[in-house]
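K.L.:
Heads up: the sequence lines are chains P and W, in that order. Heads up: the first sequence begins at 0 in numbering that gives the first Met the number 0, then just goes up one per residue. Heads up: the second sequence begins at 0 in numbering that gives the first Met the number 0, then just goes up one per residue.
Please keep in mind that the hints were generated in silico from the structure rather than gathered at the bench. There's no promise every hint is true.
Repeated chains share a single entry, so a pair holds when one copy, or any two copies, can fit it.
Claimed, not checked - Below, in silico cross-link-like pairs of lysine to aspartate or glutamate (EDC-like), each with a Cα-Cα straight-line distance of 16 Å or less:
{"id": "1", "residue 1": "K178", "residue 2": "E80"}
{"id": "2", "residue 1": "K178", "residue 2": "D84"}
{"id": "3", "residue 1": "K178", "residue 2": "D92"}
{"id": "4", "residue 1": "K178", "residue 2": "E132"}
{"id": "5", "residue 1": "K178", "residue 2": "E149"}
{"id": "6", "residue 1": "K178", "residue 2": "D46"}
{"id": "7", "residue 1": "K178", "residue 2": "D128"}
{"id": "8", "residue 1": "K178", "residue 2": "E116"}
{"id": "9", "residue 1": "K178", "residue 2": "D77"}
{"id": "10", "residue 1": "K178", "residue 2": "D135"}
There are 2 protein chains.
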Amino acid sequence: MSGPFESYPVSLVHRLIEPGPTLMITTAGGEWPTVMTNGFSMPVRHDGTLAVVIGPWDATYGALHRSRECVIAIPGLDLLETTVDVGNCSSADTDKWEQFGLTPLPASSVQAPLIAECTANIECAVVDDTLVESYDLWILRARAAWHLPETGAVEFHHRGNGTFSETGTVHDLRHRMTKWPHLT
Amino acid sequence: MSGPFESYPVSLVHRLIEPGPTLMITTAGGEWPTVMTNGFSMPVRHDGTLAVVIGPWDATYGALHRSRECVIAIPGLDLLETTVDVGNCSSADTDKWEQFGLTPLPASSVQAPLIAECTANIECAVVDDTLVESYDLWILRARAAWHLPETGAVEFHHRGNGTFSETGTVHDLRHRMTKWPHLT
Chain P
0 MSGPFESYPV
10 SLVHRLIEPG
20 PTLMITTAGG
30 EWPTVMTNGF
40 SMPVRHDGTL
50 AVVIGPWDAT
60 YGALHRSREC
70 VIAIPGLDLL
80 ETTVDVGNCS
90 SADTDKWEQF
100 GLTPLPASSV
110 QAPLIAECTA
120 NIECAVVDDT
130 LVESYDLWIL
140 RARAAWHLPE
150 TGAVEFHHRG
160 NGTFSETGTV
170 HDLRHRMTKW
180 PHLT
Chain W
0 MSGPFESYPV
10 SLVHRLIEPG
20 PTLMITTAGG
30 EWPTVMTNGF
40 SMPVRHDGTL
50 AVVIGPWDAT
60 YGALHRSREC
70 VIAIPGLDLL
80 ETTVDVGNCS
90 SADTDKWEQF
100 GLTPLPASSV
110 QAPLIAECTA
120 NIECAVVDDT
130 LVESYDLWIL
140 RARAAWHLPE
150 TGAVEFHHRG
160 NGTFSETGTV
170 HDLRHRMTKW
180 PHLT
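Chain P extracted, bound-state conformation (with noise of 0.2 Å):
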């Protein structure tokens, strides 16, 4: 237990981030934890490695240099105004969560806190900045995550030009997966 959260497989974490839904991002250090809304990331394995493009323009680029961890977490639907006014600001000059009434957890794993108002929270490590320098695409494993189970929550997607879609109606197509069973 951390909070109001539940542990959380690290090796299905990938069925957080696949679906596409909008993130915030905390690090630890400085004069309060940075926090960001992030776009663009993916799953790379179906062990907990995931990617994110996080750029010098992020207050969040330098903590994450000089850290080398992270919390990825994913805000649920009734946190979609507050979301997009956290990526419309810089940790740098701005305490978000005075500003926004987030609360920060301690994590198991690493020094950045989770997002206590968040659906779940993925503690991550960088296991690979080679792409950091040419494409600011940073590669993180999970170290441990947490959820609320069964709350229902919806995520939201951002389309790229400050619209952004909620999660739909919900296909079961388990059954057709006979190639790849092992992920249903």
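Let chain P serve as the given structure and place chain W on it in line with the hints.
P.N.:
Relative to chain P, chain W alone:
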């Protein structure tokens, strides 16, 4: 024009990918063009640079190594079952175009075909394969893109376990994008 499609700006293809839709990817070469289903992708820059994970377990992997080109196609909800089935057999032994009634259309800048039944197609070149050996992660750059404007087509998102969520209600928060007005 290419078949039913109108040209779409390469500089805006992040809008097609950022919501996290399930993709189909084609390559040229072999007995027939390969076509696969993919859920691990993201935009990397707001200039047509994208990332996808395609591994040696995919027939596409060898074709991509040889041809250095592919087409990323975005299926609408009418292709949900087809897209899942495309992902559960192999182009190594199956002509999926024939089997699933998909229509290849000539692209303008690559040998790989567009998929006529999809709502958008992005013609891509491999621009960086540094992380292919370690993470099967390919950096692509869009050369041209095509879409069906004004169809209201709805994409869908793999939830990582054989269930898929369609795009739901869209929320317009462009007025809150005060730091990133150029994206709206």
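K.L.:
Each of the hints needs a verdict: does it hold here or not?
P.N.:
Consistency of the hints with the structure:
1. K178 with E80: between (40 Å within a copy, 14 Å between copies)
2. K178 with D84: For K178 and D84, the Cα distance is within 16 Å only across copies (9 Å; inside one copy 42 Å).
3. K178 with D92: Between copies only: 14 Å across, 50 Å inside.
4. K178 with E132: neither (37 Å within a copy, 24 Å between copies)
5. K178 with E149: Neither: 28 Å inside a chain and 35 Å across chains, both beyond 16 Å.
6. K178 with D46: Classified as neither; 18 Å inside a copy, 35 Å across copies.
7. K178 with D128: neither (33 Å within a copy, 27 Å between copies)
8. K178 with E116: neither (37 Å within a copy, 24 Å between copies)
9. K178 with D77: neither (37 Å within a copy, 22 Å between copies)
10. K178 with D135: neither (34 Å within a copy, 19 Å between copies)
Comparing the model with each earlier hint shows violations of hints 4, 5, 6, 7, 8, 9, 10; every other hint is respected.
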